[in-house]
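> Build the full structure now, drawing on both the sequences and the hints.
If you read the protein sequences in the order shown, they are chains A and B.
Mapping the first sequence onto the numbering used here, position 255 (from 1) lands on 255, and the numbers just tick up by one.
To convert a position in the second sequence, counted from 1, into the numbering used here, add 297.
Treat the hints as calculated values from the structure; they're not laboratory data.
All values reported here derive from a predicted model rather than from experimental measurement.
Be aware that a few hints might be false.
Keeping only pairs whose Cα atoms sit at most 25 Å apart, straight-line, the calculated DSS-like set for lysine-lysine is [claimed, not checked]:
#1 B:Lys454 <-> A:Lys111
#2 A:Lys157 <-> A:Lys183
#3 B:Lys454 <-> B:Lys480
#4 B:Lys478 <-> B:Lys454
#5 A:Lys111 <-> B:Lys408
#6 B:Lys408 <-> A:Lys181
#7 B:Lys343 <-> B:Lys542
#8 A:Lys183 <-> A:Lys13
#9 A:Lys157 <-> A:Lys181
2 protein chains.
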Amino acid sequence: MGNRIDGRACAEKIHDETGARVQALKSAGVEPALAFVRVGEDPASKVYVGMKEKASARLGIQSRSHVLNEETSEKELLGLVEELNQDPQVHGILVQAPVPDHIDSARVFAKVDPEKDVDGFHPLNLGKLLLGDRTGFVPCTPAGIHELLIRSGIETKGAEVVILGRGNIVGKPMAVILMQKAKGADSTVTLCHSRTREVSEHCRRADILIAAMGQPHLITKDMVKPGAAVIDVGVNRISDPSVSKGYRLIGDVDFDGVMPVAGWITPNPGGVGPMTIAMLMRNTVRAAEQAGHTQHG
Amino acid sequence: MGNRIDGRACAEKIHDETGARVQALKSAGVEPALAFVRVGEDPASKVYVGMKEKASARLGIQSRSHVLNEETSEKELLGLVEELNQDPQVHGILVQAPVPDHIDSARVFAKVDPEKDVDGFHPLNLGKLLLGDRTGFVPCTPAGIHELLIRSGIETKGAEVVILGRGNIVGKPMAVILMQKAKGADSTVTLCHSRTREVSEHCRRADILIAAMGQPHLITKDMVKPGAAVIDVGVNRISDPSVSKGYRLIGDVDFDGVMPVAGWITPNPGGVGPMTIAMLMRNTVRAAEQAGHTQHG
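In structure tokens:
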């Protein structure tokens, strides 16, 4: 029977640590501030930004919210990012994905000052991650999963890690984190995706299985090695006429089926999601600490 | 019986293509130039730089060689790199590794202008590689292996790729290249290293096996799936009193043993090495083309 990995409780602990760092900054006269940029009215984006603003408020981090309309040009958006780059009162900048189709999100992420890139999406920060250079910011979702593994006491050294999904936000940086020669990493990583021939076979040999494919209940109990740690990153909307919204969100893992086989398992929701926000807050405080350090020293 | 992958012949073809681009640049009034920086008297570094200078000369690329003594400080080296960054006559900069122990090579590589980083070691270029952004420079050895696979007609899409070794110069960028959703990539990649528990098992399921561990004849025929493509990146010095130098260089693959089992196999020397140089030349010409484009357009 799997140990349920409580992402909410773990995130709370990290928030406590981060909150203490916010207080220390304030005592030193620094007001940590995070700028949110949202373009258009994507409902999921609104929800995500709302949750992040709420977490910021709780910890005493200032939110500076910029909501641009759907017709905003890429040039205007890049101009706003540049203003925020130049603003010494802003320590972190988050441009919420997705942006409208006429805007190249990669160009926008690459415009954010790497020192304010608390989302960890700038190529410079991703290159540092690949090199094992710890001075950069790490993308929040894989950083949160990494922290969950470490704080749950799950052995990564020499572990067979199988990651499903090769997105820029989760799959690829997750692989890069766990392949490093480093404490809390040192895993043998296999990255699977839509072109992988024998996904089930790879899953069955995983000590740590991380599902970020965006396929509802892709992972069933026959695909899990007994005792494995199973991390569910999927957020899939499936229609459900029995609820007023008409849909519900389910993960990539069939929790009820997998729970009895797994050694550890994240619920979803309540697993990876809260950790993503905890990492964003921690990155922001670090950015503020580093900016303060640069200013004063 | 394996097809011998002729790295020398493949490199020659690429040199022909690159040479034609050099001539086109010269016709347009651009003299492509590559700066070499070598610190100290490491014998292998001397040999490598010498080979690269020779290839440059053959293709009509100017070499600007800077040899600094062993006692050069990091600050002096960074100063030279900055000068070369500023020099519009220099299109590519190569700082030959290894540098002496008192110099942080990562800091030096990160100092090179990413637009002149023909070695592809700058974190910005590595981050672009991870993101699947093709505007950056790709490290020469994994780029050369990638080109060898493509030009040999070896199917990468859906292939099980097993890479041994997680260095910053070969293993990690190689994994990143082949995991991308792209033509000539799209592989299921597993990265093995010193902490991997069952290296032989991973090797035996590989359609493409890339050995970059630096362990003489690590790969024996029992570790190779019949028909697999086997790429040998190892350069290991073993003592051999029967030759005048007192040593010889051998690869990570037991070529004679593996040859009858493999579908394709690189000899070593004569496999990956020449391709590394071909990629360096190609990167340099591209840097010169882009610099010209920026100047004129």
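> Determine for every hint whether it applies to the structure shown.
Evaluation of the provided hints:
A distance of roughly 33 Å separates the Cα atoms of lysine 454 of chain B and lysine 111 of chain A; the hinted pair therefore is violated under the 25 Å criterion. Straight-line distance between C-alpha atoms of lysine 157 of chain A and lysine 183 of chain A comes to about 8 Å, which keeps the hinted pair within the 25 Å bound. Note on lysine 454 of chain B and lysine 480 of chain B: the hinted pairing holds, with a Cα-Cα distance of about 8 Å set against a maximum of 25 Å. A hinted pair counts as satisfied when its Cα atoms are at most 25 Å apart, and lysine 478 of chain B with lysine 454 of chain B qualifies at roughly 9 Å.
Distance hint between lysine 111 of chain A and lysine 408 of chain B is fulfilled; the C-alpha atoms sit about 19 Å from each other, no more than 25 Å. Using a Cα cut-off of 25 Å, the hinted pair lysine 408 of chain B and lysine 181 of chain A holds, with the two alpha carbons roughly 24 Å apart. At most 25 Å may separate the alpha-carbon atoms for a hinted pair to count; lysine 343 of chain B and lysine 542 of chain B meet this at roughly 16 Å. For the hint pairing lysine 183 of chain A with lysine 13 of chain A, the CA-to-CA distance comes to about 21 Å; that is within 25 Å, so the pair holds.
Restraint check: the Cα-Cα separation between lysine 157 of chain A and lysine 181 of chain A comes to about 9 Å, which is no more than 25 Å; the hinted pair holds.
The earlier numbered hint that this structure contradicts is number 1, and it is the only one.
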